[in-house]
Amino acid sequence: MVTKSDRLVNGVLYAVLALFALSTLFPLYFVFVMSVTPYTEVLRNGGFILWPSSFTLQAYKEIFGSSRIPDALQITVFITVVGTFLNLLVTALLAYPLSKKSTPWRNGILLAIIFTLLFNGGLIPTYLVVRELGLYNTVWAMIVPGMVSTFNFLIMKTYFESLPQEVEEAARVDGCGDIATLVRIVLPLSAPILATVGLFYGIGHWNEYFKGIMYVTDRSLAPIQIVLRNMIQTPSISQELAVNSTDLAQLPPETVKMATVAVAILPIIIVYPFLQKYFIKGVMIGAIKG
Amino acid sequence: MNEAITPIKQPANAVETSATATGFRKSLRRLYRSKWMMIMMIPGLLYYLLFHYVPMVGILIAFQDYNLLKGIWGSPWVGWDNFRTVFNSPDFPLILRNTLIISVYRIVFNMLPDVILALMLNEIRSRWFKRVVQTITYGPHFLSWIIVYGIVFSLFAPGSGLFTTFVRDMGWGDLNLLTDANYFRPLLIASDLWKNVGFGAIIYLAALASINQELYEAAVVDGAGRWRQMWHITLPGIRSVFVLLLILRMGSILDAGFDQVYIFLNARVYDVGDIIDTWVFRQGLEQLNFSIAAATGVFKSVIGLVFILGANKLAKKVGGSGIW
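Order-wise, the sequence lines are chains G and X.
Under this note's numbering, the first sequence has 207 at position 207, and the numbering climbs by one with no breaks.
Under this note's numbering, the second sequence has 318 at position 318, and the numbering climbs by one with no breaks.
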């Protein structure tokens with residue numbers, strides 16, 4: 001059955017895909033290598049190379065020794081934890097009633113929500129709303145304006161609709177009200193979708209950048225992504241980190257920059273196995289019904 | 001089961017007495033019965049109202065000479081003046097052109113690779129190999145554009161990037177890709193490809209998995225080879241998904257990927273990289289020309305709406321199905 005040309009095509013396919021996977025991983029590997037390369041190596045090789053013969057963790061010591069990066073991480077962790085919790089709460093509270101056909105005005109409300117995917121007021125009017133609400137220059141400006149993502153909302157609503165109605169009805173017969181049914185029956189049954197949507201929201205918060213530059217000018221509230229961008233572009237690392245150590249001066253600036261990139265990548269790599277487990281399902285639900 | 005099908009007969013006299021009054025009372029009763037459901041929705045609805053619908057009203061400032069201190073109720077009305085200013089601005093043709101070019105590049109060079117990767121993975125018989133390649137390639141989707149910029153920097157930074165050093169050591173001269181107008185767009189597209197192609201392929205893979213396997217068996221019996229199977233079964237199987245994504249892309253054709261462009265942009269490449277959104281951002285938030293920026297935003301939103309509706313209609317007309 002398998003012809004010679006078939007085997008050739010297969011060989012090419014495997015080779016191309018393997019090469020592609022490697023080229024996806026390679027830049028991440030190189031970022032890590034740069035982040036541990038000492039100056040002596042750079043001088044000896046005339047630049048950064050793929051496999052330096054000695055390494056140093058000094059860059060990591062420097063960025064955690066200054067206050068800039070730990071402070072930014074603290075802001076980002078706060079946004080991620082508190083933001084994701086609120087996202088899930090508000091999204092679930094909106095999605096559950098709208099998953100029930102008996103809810104008054106259901107179709108009208110759904111239409112109004114979906115319309116926001118097609119048309120929006122744009123950057124400036126949203127910015128002015130954030131100002132008017134007094135969120136400007138507070139950490140909440142990076143949480144509240146993104147409270148519900150319509151995509152995640154649709155995923156959750158679809159999932160709630162797919163739950164077996166009999167269980168909920170049994171709970172209602174036993175005297176559970178709407179809220180009790182949601183909290184005691186529906187949410188525990190929805191753990192996989194809460195995990196999926198929570199990871200989507202969480203990653204979004206960890207990567208938050210634009211709300212930071214639009215709504216926050218106070219440098220002490222800058223999340224990690226903003227500090228990272230400034231780090232990458234700065235000509236003077238010590239000024240950016242607001243430290244002046246002699247050890248820092250002995251490191252190539254690129255090493256410190258890439259160590260910061262690595263610090264921002266690490267949490268994503270840690271949650272990736274969980275993401276993996278849930279998110280394809282989530283994407284599919286959203287895509288099919290959305 | 002049978003009871004459910006039998007229509008419930010309402011007592012005829014109750015409907016006749018006063019139809020409107022009972023209808024009103026009935027909906028009130030329904031509302032009361034769902035009161036907790038309605039209360040639950042308040043935070044979410046408030047969010048949509050404040051951050052989606054109020055900004056739509058805020059579009060009004062595009063017709064004003066808006067002033068932060070006077071606010072939307074106190075600022076003077078100027079009609080279409082802001083739009084005239086925008087369209088007559090020397091920047092406008094440039095940013096419109098850049099936006100369209102970058103958008104079209106993204107459609108061609110990012111949508112097609114998604115399909116190609118999915119088709120290639122679909123041909124792989126080894127389960128574990130397929131899973132490993134997939135797992136690796138969709139990973140970068142979750143990294144931020146800042147991180148991707150950092151990676152681009154590590155490879156192409158003048159003086160220290162891996163590629164830059166390599167080119168210099170080969171004696172091909174000093175490169176500065178990050179600030180070179182010729183390389184800005186390819187750099188955008190290539191890094192977008194690196195970040196998103198694996199993720200983009202997933203949706204096609206799902207569509208491919210839902211193709212009836214009997215079709216392939218029948219095709220083999222009919223003597224169709226690999227390529228004929230792909231042409232007659234596989235490609236038609238993902239056509240509707242492709243059209244759907246294309247329609248969505250058309251709706252955001254004036255976006256051109258603000259998140260990425262803003263981060264990659266620098267003053268030296270404005271000629272090829274400044275798009276509508278980055279211009280609006282500078283006008284509005286840096287120079288505080290709120291009305292000019294808002295007018296441009298309105299123009300963008302309206303065109304986006306027209307494009308998505310038009311593309312949807314066109315998709316239906318040529319025989320496929322639209323989004324709605």
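No lab work stands behind these hints: they were computed from the structure.
Possibly wrong hints are sitting among the right ones.
Unchecked claim - For lysine-lysine, the following BS3-like pairs were computed, each having C-alpha atoms within a straight-line distance of at most 30 Å:
#1 G/LYS211 with X/LYS70
#2 X/LYS35 with G/LYS100
#3 G/LYS277 with G/LYS100
#4 X/LYS70 with G/LYS101
#5 X/LYS316 with G/LYS101
#6 X/LYS130 with G/LYS277
#7 G/LYS4 with X/LYS130
#8 X/LYS130 with G/LYS100
#9 G/LYS101 with X/LYS35
What the hints assert, rightly or not - Here are some chain G residues the structure puts well away from chain X; computed CB gaps all over 10 Å:
#10 ASP6
#11 PHE48
#12 PHE64
#13 GLY65
#14 ARG184
#15 PRO192
#16 ALA195
Keep in mind it's a predicted model, so treat the numbers as computed, not measured.
Note that CB positions come from ideal geometry on N, CA and C, so glycine has one too.
Structure versus earlier hints - violations, ascending order: Result: hints 4, 8, 10, 11 break, sorted rising.
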